[in-house]
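Participant: The residues making up each chain are set out below.
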Amino acid sequence: MEVTTSWYLVLGALLFTIGAVGLLVRRNPLVMFMCVELMLNAVNLTFVSFARALDDVAGQVIVFFVLVVAATEVVVGLGIIVAIMRRTPGATADDVASLRG
Amino acid sequence: MVEVVTFVLAAAIVLGGAIGVVALRNPVHSALSLIASFFGIAVLFVAQDAHFLAAVQVIVYSGAIVVLFLFVIMLLGVDRSEDLTTDPIGGQRPAAAAVGVAILGALIGAVVLTRADTDVVVTGSGALTGELLGPGENISRLGESLFTDYVFAFEITSVLLIIAVVGAVVLARTPSAAQAAADDLLDADDLAADDTSER
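If you read the sequences in order, they're chains A and B.
For the first sequence, position 34 (counting from the first letter as 1) is numbered 497 according to the working numbering, and the numbering increases by one without interruption.
For the second sequence, position 166 (counting from the first letter as 1) is numbered 526 according to the working numbering, and the numbering increases by one without interruption.
Among the hints, erroneous ones may be present.
Just a few of them, taken from the derived set where beta-carbon distance is under 8 Å, the chain A residues facing chain B [unchecked claim]: (1) Val473; (2) Val484; (3) Gly485; (4) Val529; (5) Leu530; (6) Val539; (7) Val559; (8) Ser561.
Note that these hints are calculated values from the structure, not bench results.
Remember, it's a predicted structure, so these values are computed and weren't measured experimentally.
Ideal placement from N, C-alpha and C gives every residue a C-beta, glycine not left out.
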């Protein structure tokens, strides 16, 4: 038995699905953010698998950029969450509807 | 055989961690499960000869991002457990499960349908930008590609990081603190003016 690219792709699909379902089900904004990170990691895993399958370094370069975007997204997102939580302690995702103005 | 065992163990850690993130009630426990999941992914990166990305995965994700999460959890004091037994919005969970099944079906269907006999999924010509080299030379190949073919995207990345830093600072300061800082600055200016006038 040999580990093929399909194994990694199926694992990435499972991880992405768990992240997506968690994002839909959980109401704590912090946990929702963690689920977004899971989805980003599933995509990273898929990129690395394709980089090896196609023998192309571009897949790994894109993972590098995804890492940077994920880091900036977390910084700004957590800043917004801290600002909201300071105003209304114990806020859930539903309370962020006040951003609509 | 070693590869299979490594894959199965790492995949179990990744999926177990991911389920922990979604299912655990305490946000701190979710964050710790997230670390486990990231470490499993780093192992899978090593198994696919992406050594640099595995190191970056551990340093940036497990080291920086999850620590930031934990820091915010502690700062806000939201580390109490959440009641997950009730469904706050009627029919939310069945709908989420349906969406999950749809996503999983679409993704796995895509994998199965495009699977060739040789199990190499080819959607274009291979090695458009340069082939991966062996484990030792992978890092230099990655760096070379990053600073030649993708140098513009790399520079844009630095702009993005600066925007994120400025945004975080703007979001983190409260209006009253900003006012206080401005007042302090004025006071300091006054003191400096007094000093010079006395001389």
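Participant: Could you run down the list of hints and mark each one as holding or not?
Facilitator: Structure-based check of each hint:
Satisfaction of the interface hint for Val473 (chain A) is found here, the shortest Cβ-Cβ separation to chain B being roughly 6 Å, below the 8 Å cut-off. At a threshold of 8 Å, the smallest CB-CB gap from Val484 (chain A) to chain B is about 4 Å, leaving the interface hint in force. Satisfaction of the interface hint for Gly485 (chain A) is found here, the shortest Cβ-Cβ separation to chain B being roughly 4 Å, below the 8 Å cut-off. Using the Cβ-Cβ criterion of 8 Å, the hint placing Val529 (chain A) at the interface with chain B is not satisfied: the shortest such distance is roughly 10 Å.
Interface restraint check for Leu530 (chain A): the shortest CB-CB distance to chain B comes to about 6 Å, inside 8 Å, so the restraint holds. Interface hint at Val539 (chain A): satisfied, since its Cβ lies 5 Å from the closest Cβ of chain B, which is below the 8 Å cut-off. Nearest Cβ of chain B to the Cβ of Val559 (chain A): about 14 Å, over the 8 Å cut. The hint is violated. Taking 8 Å as the C-beta cut-off, the interface hint given for Ser561 (chain A) is violated, the closest approach to chain B being about 16 Å.
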